[in-house]
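**Q** Sequence:
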Amino acid sequence: MSVSENISLLGYHPDDFVSGKISFMDLIHPSDIEVVRHKYTRYAKDDNNPFFVADYRLKSADGKICEVSERTINLSVDDGCLYHGIISVKRSFKFDTDKEKNYCKSIVDGIQNPLLILDSSFHVFAANQYFYELFKLKPENTEGKHFLTLNDANKDELSSFFDRAFQEEYFFDSIEVVCSIDGLGKRTLKLTARLLDTGMDRKRLILVSIEDITPQKMAEAKLRASEEKYSTLIEKGNDGILVVNREGELIFANSKFSQMAGIEENELLGGTLLDFIPLDYHRMIGIRLKKVLKDMRSIRRNDEVKFTKAGGGTFSAEISLSYIVHEQQPSVMVTVRDISERKRAEAELKASEEKYSTLVEKGNDGIIILHDLSFKFANSKFSELTGYSRMELTGKTFTDLVPVDYRRMIIKRIKKVLKDKHSIRRNDELEFLTKADGIFPAEISLAYILHEEKPSVMMTVRDISERKQAEAELKASEKKYSSLVEEGNDGIIIVQNGILVFANMKFCEITGFSKTEILLSPFEDFLSLEYKRMVINKFRKSLEKKRNSSLKYEIELVSKRGGNTPAEINSSIIDHEGAPAIMAIIRDITDQKEKEKELLELIEVQKVLETVIKSSPAIVFFWKPDEDWKVEFVSENISQFGYQAEDMMSGKILYGDIIHPSDVERLTMEYDIFSGEENLSFEYRILTKAGEVRWVDERSVLKRDAEGKLQYIQGIIVDITERKNVKNFMQIGNDVGMLFSPLGDVGDMFSQLVEFTTQMDNLDCGALYLVDGETGDMNIVAHSGLSAEFVKSARHYAGKSIHARLLKTEYPLYTRYYELTSMIPGEKQSYEGLEATALIPIRYGMELVAILMLSSHSVYSVPFEVRDSLETVASQIGPVIGRMREQADVQNNIRNLQFIFDVMEDMVFMLDTDGCILYANSHAFTRLGYSKNELIGMNLINLYPQKVLLEAAAEIKSILEGSAKVCTIPFESVTGELISIEMYCSMGQLNDNPITICVSREKV
1 MSVSENISLL
11 GYHPDDFVSG
21 KISFMDLIHP
31 SDIEVVRHKY
41 TRYAKDDNNP
51 FFVADYRLKS
61 ADGKICEVSE
71 RTINLSVDDG
81 CLYHGIISVK
91 RSFKFDTDKE
101 KNYCKSIVDG
111 IQNPLLILDS
121 SFHVFAANQY
131 FYELFKLKPE
141 NTEGKHFLTL
151 NDANKDELSS
161 FFDRAFQEEY
171 FFDSIEVVCS
181 IDGLGKRTLK
191 LTARLLDTGM
201 DRKRLILVSI
211 EDITPQKMAE
221 AKLRASEEKY
231 STLIEKGNDG
241 ILVVNREGEL
251 IFANSKFSQM
261 AGIEENELLG
271 GTLLDFIPLD
281 YHRMIGIRLK
291 KVLKDMRSIR
301 RNDEVKFTKA
311 GGGTFSAEIS
321 LSYIVHEQQP
331 SVMVTVRDIS
341 ERKRAEAELK
351 ASEEKYSTLV
361 EKGNDGIIIL
371 HDLSFKFANS
381 KFSELTGYSR
391 MELTGKTFTD
401 LVPVDYRRMI
411 IKRIKKVLKD
421 KHSIRRNDEL
431 EFLTKADGIF
441 PAEISLAYIL
451 HEEKPSVMMT
461 VRDISERKQA
471 EAELKASEKK
481 YSSLVEEGND
491 GIIIVQNGIL
501 VFANMKFCEI
511 TGFSKTEILL
521 SPFEDFLSLE
531 YKRMVINKFR
541 KSLEKKRNSS
551 LKYEIELVSK
561 RGGNTPAEIN
571 SSIIDHEGAP
581 AIMAIIRDIT
591 DQKEKEKELL
601 ELIEVQKVLE
611 TVIKSSPAIV
621 FFWKPDEDWK
631 VEFVSENISQ
641 FGYQAEDMMS
651 GKILYGDIIH
661 PSDVERLTME
671 YDIFSGEENL
681 SFEYRILTKA
691 GEVRWVDERS
701 VLKRDAEGKL
711 QYIQGIIVDI
721 TERKNVKNFM
731 QIGNDVGMLF
741 SPLGDVGDMF
751 SQLVEFTTQM
761 DNLDCGALYL
771 VDGETGDMNI
781 VAHSGLSAEF
791 VKSARHYAGK
801 SIHARLLKTE
811 YPLYTRYYEL
821 TSMIPGEKQS
831 YEGLEATALI
841 PIRYGMELVA
851 ILMLSSHSVY
861 SVPFEVRDSL
871 ETVASQIGPV
881 IGRMREQADV
891 QNNIRNLQFI
901 FDVMEDMVFM
911 LDTDGCILYA
921 NSHAFTRLGY
931 SKNELIGMNL
941 INLYPQKVLL
951 EAAAEIKSIL
961 EGSAKVCTIP
971 FESVTGELIS
981 IEMYCSMGQL
991 NDNPITICVS
1001 REKV
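1 is the number of the first residue of the sequence shown in our numbering; add one for each residue after it.
Don't read these hints as lab results, they were simulated from the structure.
No residue lacks a Cβ here, since even glycine has one placed at the ideal position from N, Cα and C.
One or more of the hints may lead you astray.
[What the hints assert, rightly or not] In silico PhoX-like links for lysine-lysine, alpha-carbon gap of 25 Å or less:
no., residue 1, residue 2
1, 624, 703
2, 532, 545
3, 376, 419
[Stated by the list, open to error] If you anchor each label on the Cβ, the simulated ranges turn out as follows:
no., residue 1, residue 2, range
4, 938, 412, 35 to 45 Å
5, 560, 704, 31 to 41 Å
6, 974, 391, 57 to 67 Å
7, 987, 546, 53 to 63 Å
8, 530, 918, 18 to 28 Å
9, 391, 325, 51 to 61 Å
10, 720, 664, 14 to 24 Å
11, 364, 238, 40 to 50 Å
I would like the entire structure built from these sequences, with the hints used as guidance.
**A** Okay, here's the thing in structure tokens:
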């Protein structure tokens, strides 16, 4: 760097710059540094301009300020850049800055708009207080700064603006700029500039007035948007807009009305409104216009009129009239809506209504409209179906015409339609009641509609009486060849002229032949030789005598697999395709024959033992090794428990059914544990037929085949109840060295218990309370040593009384009687003279079943050894009382149920899953003529006549599967009498096994 010697004019030496002690930037006035840098950056980027030109201020060494002008050129030397510049001092000055500033401030501070004074280089010389408040600046951060550093926006435009201010002597032009102000955001400012001469030794200044015009700009924008919005609404809307003055002249018409009428807008103006309306509407329109102008308010009601078109013709319109002030004159604004399409649609709707009215009234379906279940409309077809006139229907609710069984369903459907507001796609079937007390079936569909502006349901009703009759006939025909025939447990064949014309799959399974091999073959080909003649003769005689009753006998069928199959045949005469034929039900009895063979092997043993067993207390059993101990043989002396031997051997009663429920699991487990041994011995309880509990001792021998597989169990049981009772009560007396034996009567046993405990040391009186399991009430059932007055007052305590809560202790309580009664208000029963008292809770499991209260008239405490004895007695007697109460509840339930069934005049049956009768009430035995032994175990199908056996079998199969509930096929009694019945069936359980309960009511 090199500097000319004349730099000394500013008080500096060239060496100071060459040595780097002073840089040239140190000389530039601080307020001009940014401007110089900005201009130089622009110059460096402009390749077309060889000169850098700038005017700015320098500081001399003595602090004076001088204005300079720089001209610099870029020279290329040795592939490098060399800058050669000349700085000319324009003038140097020193003046009283404070005086000049004070002068300027005196000018601007009195004005209430932001003002700014700039020098000739656009540096801030002074500003008023409003400027600083608006821009949130301070004088020390503002004065001396270049104006463009205060606002980066619009730099070029502002520079040009201020240049023109210096060039023109009188300059009042303005410029709008947008800038961001802290706290105010984006603002629009209007700047106005003019020259200002202070009269001092200085160039003229520029006075800049700043006005915030942001609110005006926003208001202008809103006004333009509003004008555009309403202009769009008026010009682009779907309605025509007209403005009429007091004289009825059109002073405004929008383009939409011009389009409607087909007339140019300029042709419309100047005419009157009535010029474009047919004469028929002139009087009405004239009155409406006068009323609006007189009342100075709009007419709420719209009117329908017609307007003429330019090419002839008219169009329908709906008009509304509003009072407005247009161009400072009272006027009427007429809104015109073209309703030609609506009028055309109304005409079409009217024609459509007439068309559909014909369809509704002349159709084959009844149609009704319901609102809140009341009839709002019914067509003539529905009146015809029900027999009610339309007037009669209007006074009824819909449910009046529907049987009770359907009301809940149809009300639910109607509510769903109204809630969902749409139709139900699926049709329903129900029945309607007619005026003549008849019923007809119908198929209905429900649809949601608005009727008289109210949500309603439209119902279409189609009479399906003929269809239902056809379905019933079809169903009856199908039942003849139902799945029961094909999939039942018995073979079914039809023989006509000795030829097999029908055979189900079960018959094919029994014989091993296919249907192709069987059909159209002689039936005798499938009979073993010794049965052919007998069976053919029976068939022939039945056809000759036209015997209606069925014949049942045993035969043997030839098997394709070789050998013969024993079978039971039940044959009867039927009509098959218009000709008589024999229908036979054939049951494979191979298993039955094998069982009979097994039982015959036991007959000899049975005969030998019969005489001995009849007079012996020991009951002999042969059991099958299955879960419920099915009895193969039992001696007749089982009657000592109330059971018949044949009931058990027939399977009607299983041995597992009479074992006490509490002992079944233990006994099963012991059988599993000791199943490897040959001889077994068990003690357990059984239930007699009367419901009593008896203890038995079983001694059994396990019989196995050659391979070691268990075949059956042979054993005897002996009643050991008395021995067991004596043993139990001996256990009670063991700890105290005494024995008391229970009697058969429960009351005597409770009295004996109280007598036994009051004889212990230091105890001389007491009472036994039983606790009701449901209410918690306490009642004395036995007492000893207490006065009649005391027993009377303490005999019963309610479950929630304070006496009961006090006596029901969780643990044994030993105290003085007066301490016990001190917590009870009222009479203390002190007259009894009781002292030491023991309250012993007696439990069965976790349940409190009794309270033993014992006391003494003479001693004041119960000895510890006596306490142990009492608690031992309580632990022994608790289970006895608990089981007695359970057995009593069970026995009462059984007796109550049997009593209910036996007093019913309907026939009651309980069926197993195969349809065999497990139970029948007394009326069933009496009415059908069967004994109990005959009816129990019989399949229900055997109660039906032979002619309807196939139909009955299908019905019973559906009932057992749970798909049907009612059967109306008549029963046949022992005497052949047909009994018309209605049988209602439901599913249930007995001993955790599924059963079907049938109640058959005889038709009168």
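**Q** Of the numbered hints stated previously, which ones are contradicted by the structure, given in increasing order?
**A** Numbers 7 and 8 - these are the hints that the structure violates, sorted from lowest upward.
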